[in-house]
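**Student:** This is what each chain is made of:
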Amino acid sequence: MATPLMNLIKRLLKSSVGRKYLMAISGGCLVLFVTGHMIGNLQIFLGRETINTYAQFLQSNKEVLWLVRFSLLALVGIHLWSASALTVENRAARPLGYSGNPAPTAASYASRTMLMSGIIIATFIVYHLLHYTAQVPAINFTGQDFRLLHEPLRDGTERHDVFAMMVLGFRNPYVSVFYLLGVGLLCLHLSHGIRAMFQSLGFKNWQWGLLIDRAAPVMAWVLFLGYASIPLAVLLGLVGKEVVR
Amino acid sequence: MKVTLKVWRQIDSTAPGSFQLYPTPDLNPDMSFLEMLDVVNDELANRGEEPIAFAHDCREGICGTCGLTINGKPHGPGRGIATCQLYMRTFADGDTITVEPFRAKPFPVLKDLMVDRSAFDRIIQTGGFISVRTGSAPDGNALPISKIDADLAMDAAACIGCGACVAACKNASAMLFVSAKVSHLGLLPQGQPERHRRVARMVDQMDREGFGACTVTGSCEAVCPKNISLNFITRMNRDYAVALFKGE
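Heads up: the sequence lines are chains A and B, in that order. The numbering used here puts the first residue of the first sequence at 1, with every later residue one more than the last. The numbering used here puts the first residue of the second sequence at 1, with every later residue one more than the last.
If we strip away everything but chain B, and leave its shape as in the complex, we get (with noise of 0.2 angstroms):
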């Protein structure tokens, strides 16, 4: 199969960017979407041009690494999977695809579809975190927690951090990320001590980043490549709310 990319150019993050059109060699239905961009990559690069720049690490979906976004949806078409999870069979021959970075004031475009994310990083450093020592893994069973609890902390904790959620979100909202690290701590016995300080450091830096607040269009619940649910947001907003009357 082959396929016409169109794709964000963009030399680093003070130059305006522009769409290339790209049309692709023979491709294997059965490639990743980062496999066909290295085929397409080697192609430039045996051109002498400036291969298109993009950010992956694990290609298992596990590392939170890459992100694009595909006509229009961060993560491409489907559910519940990063863009590395993508394949081309996906698409039909001959398709144009657009292939865009993620979108948001927070997460400056470092050239072309590569995102700086780092304020995500600067979130975490506030209140993702538990300060005390709590040791090496404990015993199985050694510290009592409810099987509701633990699942739920388990799917808040599956949180990568890619992004997706800002980058679906119509107003650039980091919120299901934020919800995502303040459940999997707060809803644990090591995180209780902290658990509204940290709500409060970390809401507040997210705001000063510059990313917008949830309006609950399920945008972000819907790329999530690990189908983090927007209840997490609630539950965020409730320990904010006792947060404010604790004095955090």
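Here chain A stands alone, though its shape is the one from the complex (with noise of 0.2 angstroms):
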């Protein structure tokens, strides 16, 4: 029997406005991850001790940690899932295109582009957690363990250093390189993704939606000199010259 939540998550799932929602809530908790995720990491500007004990808080309780990680990946696998249906979708409506291929009418370049900005995006993701999540040695080009970076404490115990993780690991220029694409190319993604969000959801209107339009692209910008700034700050001897390997 049809219930009336059946038919929801059924319209949901099925219809192109309900995937539109999929799309654009996942976003938007993703996108309140990486603003969270830029502000805890700019703490490596106030020194190894903050940074370090910002970390060892984030790793203090286990259950909280993975429940966000699931869910964290939960809303990635929710917006590739929708992403991936409704471009099967929209690329099945128009089986023939116009001559020359003429790039759509007013679109910007952000709103074209969001599949392939999207793939290399996720390709960056993996590539982030196993650098500084699993931090995985091979694949660090430091010839270090990030695992076994540790940072003494005075009653004698000690922690994982993440500040000297962070400072080691954006020293490598090619590192850091493909961290700035990753991210600049996320903040494409953002300026146009955050306005078409509202847009999705309904939460747009004549008052409120020049705001929105112009507010999308400072919020990546904001996000990218956040995210840029550490790398940056790393290559230029800024920040960490104390850590030596």
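These aren't lab readings, by the way, just hints derived from the structure by calculation. What you were told as hints is all true, and nothing was included just to trick you.
Okay, derived cross-link-like pairs now, SDA-like style, lysine to any residue, Cα gap no bigger than 20 angstroms in a straight line: (1) K10(A) - G247(B); (2) K226(B) - D149(B); (3) K170(B) - S111(A); (4) K2(B) - N46(B); (5) K105(B) - I11(B); (6) K10(A) - I25(A); (7) K226(B) - Y87(B); (8) K6(B) - L96(A); (9) K105(B) - I70(B); (10) K246(B) - G202(A); (11) K6(B) - S99(A); (12) K14(A) - F245(B); (13) K105(B) - L96(A); (14) K246(B) - N7(A); (15) K241(A) - P173(A); (16) K241(A) - N41(A); (17) K2(B) - E43(B); (18) K10(A) - L22(A); (19) K105(B) - A15(B); (20) K10(A) - R238(B); (21) K105(B) - E89(A); (22) K170(B) - R91(A); (23) K246(B) - G191(B); (24) K111(B) - L96(A); (25) K226(B) - C58(B); (26) K105(B) - R9(B); (27) K170(B) - A103(A); (28) K170(B) - R112(A); (29) K10(A) - G210(B); (30) K246(B) - R201(B); (31) K147(B) - W206(A); (32) K105(B) - R91(A); (33) K14(A) - V242(B).
Here are some of the chain B residues that sit facing chain A, going by a computed Cβ distance under 7 angstroms: (34) K73; (35) R103; (36) K170; (37) D207; (38) F211; (39) A213; (40) V216.
A quick note: this is a predicted structure, and the numbers were derived from the prediction, not measured. Just so it is clear, CB atoms sit at the ideal spot from N, CA and C, and this is done for glycine as well.
Join the two chains into one complex using the hints; note that each chain is given alone, in its own frame.
**Tutor:** Shown next as structure tokens:
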């Protein structure tokens, strides 16, 4: 029997507008995550002790940590699924294109390249997780094992030295360039994605629409500059000079 | 002035089509694009060739029948005009102009530049109406409607259903059309009782017809002869969410 709940789930999964909701909600949650992640990372500028304390706090409750990790993974999964399901339909809706393949009228570069920027960002996320979360030594190109970096504490114990890990990781210019490419594309993606999210969820009108359209690229730039500042500061030697190999 | 047309010719909906080049005779720059096609067709008919089939009716931008993709843009260069309101003076002497039908799977080509847009009619049939009899036109201000709502409803009702939004969208999405039809009734008191059932049914039919989804590129809005705002799609998305929770 079709209950209202089943009807709602069916519409979310099957209808074009429902799939856009899933894309927008998952994307919106991920925007909140990347904002929080950036603010957390920027603590590198407050010194080794501050960011290591923050990292220790994040790692302190394994249940919450894994709940958050699985939720993020699920959000990425929903985002990818809705994107691919919609793309298949969108492509099928125009089997024969126009002569000379003209760029769609008035469509911004970011809006036309969402799929490609998204795929590259997904690849970057895989590398980023292996690099700094799983800390696989083979892919950090420093010849060191990030898992073995520890900061000794006054009470005689020690904790993971995230500060040294970030500094050593970003000192490799190739890694930093790939990182800048990843966050650059993320912000290109978000300059369109944030405004499209409000549109898809219906949170936009004639009064607020212009502000949202203008705030989306500003937000994307803030995220880009925040993230990019870290590898740039490390490469320029502004942060982490005390970290030696 | 003279131009060369690169026109899509297709015998019927099943035959494969191809482009043919047609040099035009000397044209008056103040001819509309459709009048130019009439002149070209006269020549073709005089030579015993099959004239180029294209849809047209009022030729004053209010019926939504004409619709050609000119140089890759539905209704051609210019903003807020239908193909019939495009004049040859927009082009330069000696230009080659590419003329194609609106391209979308739910708009099969019938012949040459004519497409079948009855998918739009079927969407309207699922909800683009008010079921109760509302009588003849009411006296002015007998039913109080705020100026803001009246203006918005009028803006949405300006949609002539030409299909340029679908033709322009990289996903061949019909959301601008559907949202305009959903909104012009949904903004007025007479449309309230069926407001959410309407949006649910029309979106479902839009999906069944095989139109794509919105990626907020804004192409539809940019080619719309009636300048229908992208904000109506937002409004439709909001109404659809309410419809889901109401169980429509």
